[in-house]
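Using the working numbering, the letters of the sequence shown map in sequence onto residues 369 to 683.
Quick caveat, the hints were computed from the structure, so don't treat them as lab data.
Only a predicted model underlies this, so the values are computations on that prediction, with no experimental measurement involved.
Keep in mind that the hints are not guaranteed to be accurate.
To be verified - Pairs of lysine-lysine, DSS-like flavour, derived with a Cα cap of 27 angstroms:
#, residue 1, residue 2
1, K585, K513
2, K402, K603
3, K500, K510
4, K645, K576
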Amino acid sequence: MISIQEVKKSFQNNGSKLIYQFLDGLNWKQLTYKDINSNIDYVLSYLIANKITNKRVLSLSMNCLDSFILESSLSSLGCDISFFDERLSQTLDIKRSFDIIIIDDIEKLSSNPMVKRLLDEENEIISIKHFKNITDYKQKVKSIKNIHKMGLLSKRRLDDNPEDYLKNIRKKNFVEFINHENCIEVNIEDFFAIIGEYENIFDSINEKEFSSSLYLKPDLFSKSINHLFLLSSNKFTNNNSLISFLNNANEIMPKNLVIDSESIDNLVKISKDSGVKLIDLLGSRVKRIITYNYANGNNIGIIKSNGIEIFNSPL
Numbered sequence: 369m370i371s372i373q374e375v376k377k378s379f380q381n382n383g384s385k386l387i388y389q390f391l392d393g394l395n396w397k398q399l400t401y402k403d404i405n406s407n408i409d410y411v412l413s414y415l416i417a418n419k420i421t422n423k424r425v426l427s428l429s430m431n432c433l434d435s436f437i438l439e440s441s442l443s444s445l446g447c448d449i450s451f452f453d454e455r456l457s458q459t460l461d462i463k464r465s466f467d468i469i470i471i472d473d474i475e476k477l478s479s480n481p482m483v484k485r486l487l488d489e490e491n492e493i494i495s496i497k498h499f500k501n502i503t504d505y506k507q508k509v510k511s512i513k514n515i516h517k518m519g520l521l522s523k524r525r526l527d528d529n530p531e532d533y534l535k536n537i538r539k540k541n542f543v544e545f546i547n548h549e550n551c552i553e554v555n556i557e558d559f560f561a562i563i564g565e566y567e568n569i570f571d572s573i574n575e576k577e578f579s580s581s582l583y584l585k586p587d588l589f590s591k592s593i594n595h596l597f598l599l600s601s602n603k604f605t606n607n608n609s610l611i612s613f614l615n616n617a618n619e620i621m622p623k624n625l626v627i628d629s630e631s632i633d634n635l636v637k638i639s640k641d642s643g644v645k646l647i648d649l650l651g652s653r654v655k656r657i658i659t660y661n662y663a664n665g666n667n668i669g670i671i672k673s674n675g676i677e678i679f680n681s682p683l
């Protein structure tokens, strides 16, 4: 994981610049670098005040800015981080114990067999999406919005700056990706290799262009995307499902789309089955697709035939 200290370096001299857009209910909201910096401080203050260090963390969250900040903060506090695709949790359970579980939406996943089991165990569960009825989850579930509020209060009581506290923490050298077949350990240094491979591509995006991410697959690149956008100062949004992207594509009309291999295949299939041109399905303005390790030559040809560049950089 990219350390949270490294993430904050990209905020220098940006301040009030708008960088991120997200859907809150039915309304779009925007965040500046200053807003994100404050949210990082709140998350760190909450974690430090509650002595959440060196914990075992399982993240089922799809790629979004809030989960990225939380995961990077926990990693910087010496936690062991394991990533697992939420879509596999209906058919695959992980028979291991964790201290903290990160999910996108507790109300959506509370009936999931694996999540139900985790709710019954001694885990702290953090839901990226806010929820109303705390009593349904035995007060064991907190939302990011709750953590921001508690972090604001904690920040006022902490003796030291949260970043000073991090200097004394020994960070783990590996994170883990869990799938159907095995568990893959990845060295932290590999994230910097990904950043180096893609940084020029993100820097080449015009500052006035809007970008969107539909990267649902947990891998090295998915955990680097938010950092790459923040580094390059490109305004962007994330999507946590194919349906949410399709529902909003004509509204946000991104010029650049960061997308995983499975989502590319699904969109090409939808385009073929529906008779709708791929470019129109993507919101009509996409001129560049950025992906990772994509090998379907036929679909790459279809993308290019729609007048879309594709950047595909396997390591």
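Quick rundown of the hints versus the structure:
1. Between K585 and K513 the alpha-carbon distance is near 25 angstroms, which keeps this suggested pair within the 27 angstroms criterion.
2. A C-alpha spacing of about 14 angstroms is found between K402 and K603, which places the hinted pair at or below 27 angstroms, so the restraint holds.
3. Restraint check: the Cα-Cα separation between K500 and K510 comes to about 11 angstroms, which is no more than 27 angstroms; the hinted pair holds.
4. Between K645 and K576, the direct Cα distance comes to roughly 25 angstroms. Compliance with the 27 angstroms bound is thereby established for this hinted pair.
Checked against the numbered hints above, the structure breaks none of them.
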